[in-house]
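Using the hints provided, position chains S and W relative to the given structure of chain C.
In order, the protein sequence lines correspond to chains C, S and W. So the first sequence is numbered by my numbering: it starts at 1 and just counts up by one. So the second sequence is numbered by my numbering: it starts at 1 and just counts up by one. So the third sequence is numbered by my numbering: it starts at 1 and just counts up by one.
Keep in mind that the hints were calculated from the coordinates and are not lab data. Source: prediction; values computed, not measured. Hints are not guaranteed to be accurate.
Subject to a maximum C-alpha distance of 16 angstroms in a straight line, what follows is the list of computed EDC-like cross-link-like pairs (lysine to aspartate or glutamate) [to be verified]:
hint, chain 1, residue 1, chain 2, residue 2
1, W, LYS409, C, ASP78
2, C, LYS134, C, ASP148
3, C, LYS29, S, ASP162
4, W, LYS470, C, ASP78
5, W, LYS407, W, GLU448
6, W, LYS407, S, GLU89
7, W, LYS446, W, ASP424
8, W, LYS458, C, GLU112
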Amino acid sequence: MTILIAILVFGLISALFGALLGYASVRFKVDADPIVEQIDAILPQTQCGQCGYPGCKPYAQAVADGEAINKCAPGGEDTIKKIADLMGVEAEPLDESHEQDNRPKVAFIIEEDCIGCTKCIQACPVDAILGAAKQMHTIIADECTGCDLCVAPCPVDCIEMRVVPETTQNWLWDLNSIPVQQID
Amino acid sequence: MTDYLLLLVATVLVNNFVLVQFLGLCPFMGVSSRTETAIGMSFATIFVMTIASLLSYLVTTYLLVPLNIEYLTTMSFILVIAVVVQFTEMVVHKTSASLYRLLGIFLPLITTNCAVLGVALLNLRSHHNFFESIIYGFGASVGFSLVLVMFSAMREKLANADVPTPFKGAAIAMITAGLMSLAFMGFTGLVKL
Amino acid sequence: MESIINRINQQKFWSFHGGVHPPEQKAITNQKPIKTLSLPDQLIIPLQQHIGRQGDLLVKVGDQVLKGQPLTQSTNPMAVPIHAPTSGKVADIKQSVIAHPSGFTELCIFIDVDHQDTWIERTPCNDITRLSNQEIIQKIADAGIAGMGGAGFPTHIKVSTKPDINFLIINAAECEPYITADDLLMCEHSESIVDGIKILDQLLSPAFILIGIEDNKPKAIDALRKATAEIEKIHVCVLPTKYPTGGEKQLIQLLTGKEIKSGSLPIKEGIIMQNVATCFAISEAVIHDTPLLQRVVTVTGQALEKPQNVWALLGTPIHYLLNQCGFDNQGMEKTPVIMGGPMMGFSLPTDTVPVVKTTNCILAPSYKEMPSAFEGNSAEVECIRCGQCADVCPTNLLPQELQWSAKAKDYPQLKKLNLSDCIDCGACAYVCPSHIPLVQYYRVAKAEIRQQQQQEIKAEKAKARFEARKHRLEKEKIARELKHKKAAEARKAAMNKSTPEAAEAKSAVAAALARVKAKKAASQKPAENTASANASEATTNQDNKKAQVAAAIARAKAKKQEKVAPQENNSPVENESAKDDKKAKIAAAVAKAKAKKEQSKTAESEPEQPKAATLADKKANAIAKAKAKALAKKTASNSSDDSSKEQKAPLDKEAKKAAAIAKAKAKALAKKDKASNTETSNNDDSQIKSDTDNQSDSQTETSDKVKDSSDKDAKKAAIIAKAKAKALAKKKLASESASEESQMIEQQKGAK
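One chain only, chain C, in its complex shape (with noise of 0.2 angstroms):
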């Protein structure tokens, strides 16, 4: 007989709160998560497809849906380690498959070989060459993220990526890299 009226207090009890529960998650919903922008925001936004997917978006995408984060060559080690923070997963080092020079490079056309053809142009992701077809073309370097996306389609070869110089404006202080001469 108690067996029964525990069974029934249990039962009465879990209803009740079951109740409460279900009435909660209503009051309570919750729209998708943002995790895709956040992750987004991470990235360094060079769209160069290194990653394998068309874009930046498309691969905050993919992660948020399980990619492994180790992917994105422009980022380097610093943009793992903040997706990882944020989707918290463990940080992992970057895919080999990547060249390990990431000093930041912009395009540039040697302007004499340049036909006008507009391959560029179209293979750009931000919009970063100026020009039209039979038209000189140029590369806007402020805007040029150094994606490399244009060198493949040109067919004379004219494009070519180079260093962005370090000057007085962008030096990190590094000491050991001043050239010390004597003073007699």
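Same frame as chain C, but now just chains S and W:
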């Protein structure tokens, strides 16, 4: 009145649940790496513990004891705690999505926090009345929060310090917790309950 | 405000937190007057000596310049012109090491001094009250005056403000040890300084003018007091000696008790600060029409025999100053020379660094005086958490916490700790018992934070452009589809009308459809061939057809040109033929590129492919040869219009060369196919390399000749041929990576 005050001081400092009674160590270690998560977790725990101890008292006094089914104590307490935690989780998710993501798995794991179940059972054992139960639960959670926030502040500093590699991370944190525990044991004898 | 003035009148000033008292060492140089040196033989003038942008050059190598002649100009308000400090000739304009701790080089003008010291024409102004504010500001800007207290902010921008100025503060503190430049300037030229202050008074109309000066300069204080005796508005405020009293925010707090909030500027509180040397320069510019050409520099330190203050022309190399003051390097191998004072100065990388507008001191210490400057290794040890650094910080920061976070690269924490408020004064590093170079840590962290902020801005812009581009492409796609739909509907409507043309069109369309069906049936029968082979063959056939068509067009046009050639007005014909020529060439180049890509693709697949590829390849090269021949014919026909016959011979040769190149390429490509399947690639590659080397040599010859004869058409051919050869050579040199390249191309194509 002084009884209630003494009870509060006892649970917060003298018989601190984390450092003296060694309950609730999982969230203590898991959430304390950043102060923001620690503060969020402490608010959640205060809410859960207080409500859970209150509800457990009610369930025991008005359901289990009259119907002679005290053997269902553990089960019903767990049920109560699980419901309260689930409710808290929904509220946190709605009000602060970032805190919800930061706490991650530790928010639903408050259900398995032995401190919460411990408070409920210890209330039972000490035959506390209604108000005493509430204060006991509240005091326990305030003690837990105090230690959690202090520990997280220390861990943030430790993260930037020059710790030898074998000790980095959880190891140095455990050692620090042990030292804090020694400090809190100095409160013994402050209040006799 | 009144309370502030009351306190000032009673000389009861406020104080700032912290500060240190390093040994002043001013007696080394403040007993002697400022010396005017003889002219050096060469001056090195950097184009940018201030915060802001550099101007555009007005002179070029070889120009004669007069003293005071402007060498740069700009319409940008953040640019300040530089002037020739003495007469001479511009020997060179090139990169040279500048006065910056990084040791970087920047563009500098080298002037060979002719020792004549001839001035340009100057028009002094006798009565400054006649000048309008705009004219005064223009004179200051044209004189190239930037803040001479160390920061180098363009003065004309600082003094052209609109809001009410409560206080104009003249910074005469000179708190750093060793430096006595401003001290002696005040002793000797106090009237000119006060003239400058009067000009600023006229410009800004401040309520009060305060001169802040430390009490270790008694002679200067007397001179200033005498010079400002009649002017009620100017108060000479004597402050207790402490480093860093001369910091902008510190001096403001001392004199007015106001704290400038973090991230805010003094102008928001109605306060403007100028250095005394800047005031002197302003008076020289406005009254005597003399631009900023020289400044007082303290050359000091126990490694010098004659330490003193000198009037140094801007652009004087440091070695000249050091020699004039008897630099004795005591037989040490590496003698440090510091530009600036001991607290905020930096070591010079070489002694050809020139004096610039912000140089106030050259310090050459002896080993006994400053052993830390000589040691290679730093004596840095762990922080002992003594807290002395926080005691002395004038900005009330926590250097210990800052160093902790800077070492761990914890940038969010550094922002919370207000790292951006650090003025790099060096007081914390001065007192640190562990000899930790705290300021270096902060500078690195500040540079990193700045760079991160710039990256974020860039990333935002890139994202916005990417989204805009996506949007534009989608819009274009939709517009195109709409257009197609409309055209299709129009066509359908036309066809469905019962007219004879419509019936014709219908039957033609039906015939075409039947043909396509028949072809499909025929091509589906041979089931042994792999589908890819069919596809590649089909595409190569298409390409070949296209190229053939293009070649045919070119040939037809060439024939037409020959007929039309003997006419007077040949230029439009030439242009047209040039255009067609270009088209043909481009088509040839594109066809060649396509053929090459096909080969690289098929090089991976089954061995049946190379056969087809070589066929296609041969065809493509044959087409190229045909085109080259067509080009030769055309250029021959064009040159028949030219009067000079000699051009014919080189052009024919060029055409022949082009044909030869095409032939060699065909050979090379065929070899490459074999090579990718066998292991004798190396030999072939080297042979091919030498082949292409020869080709490129011959091509450079051709290109030279082309330049001489100035024939655009042949040039274009050479360019394309050059590009092709380059591309080919690249592929051959990296025989292993050839497959990788094609993989990458495919990957990119897939990603697109």
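Pairwise hint evaluation, GLU448(W) against LYS407(W), where the allowed Cα distance is 16 angstroms at most | It holds: about 12 angstroms lies between the C-alpha atoms, which stays within 16 angstroms.
Straight-line alpha-carbon gap LYS407(W) to GLU89(S), limit 16 angstroms | The given pair, whose Cα atoms are some 38 angstroms apart, is violated under the 16 angstroms limit.
Proposed proximity, ASP78(C) with LYS409(W) (alpha carbon, max 16 angstroms) | holds (11 angstroms)
Take a quick look at whether LYS29(C) and ASP162(S) sit within 16 angstroms of each other, Cα to Cα.
-> Violated, because 45 angstroms separates the two Cα atoms, which is more than 16 angstroms.
Take the C-alpha atoms of LYS470(W) and ASP78(C), compute the straight-line distance between them, and say whether it is at most 16 angstroms.
-> It is violated: about 28 angstroms lies between the C-alpha atoms, which goes past 16 angstroms.
Is the straight-line distance between the alpha-carbon of LYS134(C) and that of ASP148(C) 16 angstroms or less?
-> Status violated; Cα separation ~22 angstroms.
CA of LYS458(W) to CA of GLU112(C), is that 16 angstroms or under?
-> violated (29 angstroms)
Please work out if LYS446(W) and ASP424(W) have their alpha carbons no farther apart than 16 angstroms.
-> Roughly 11 angstroms separates the two Cα atoms, so the pair holds.
Consistency note: the structure conflicts with the earlier hints numbered 2, 3, 4, 6 and 8.
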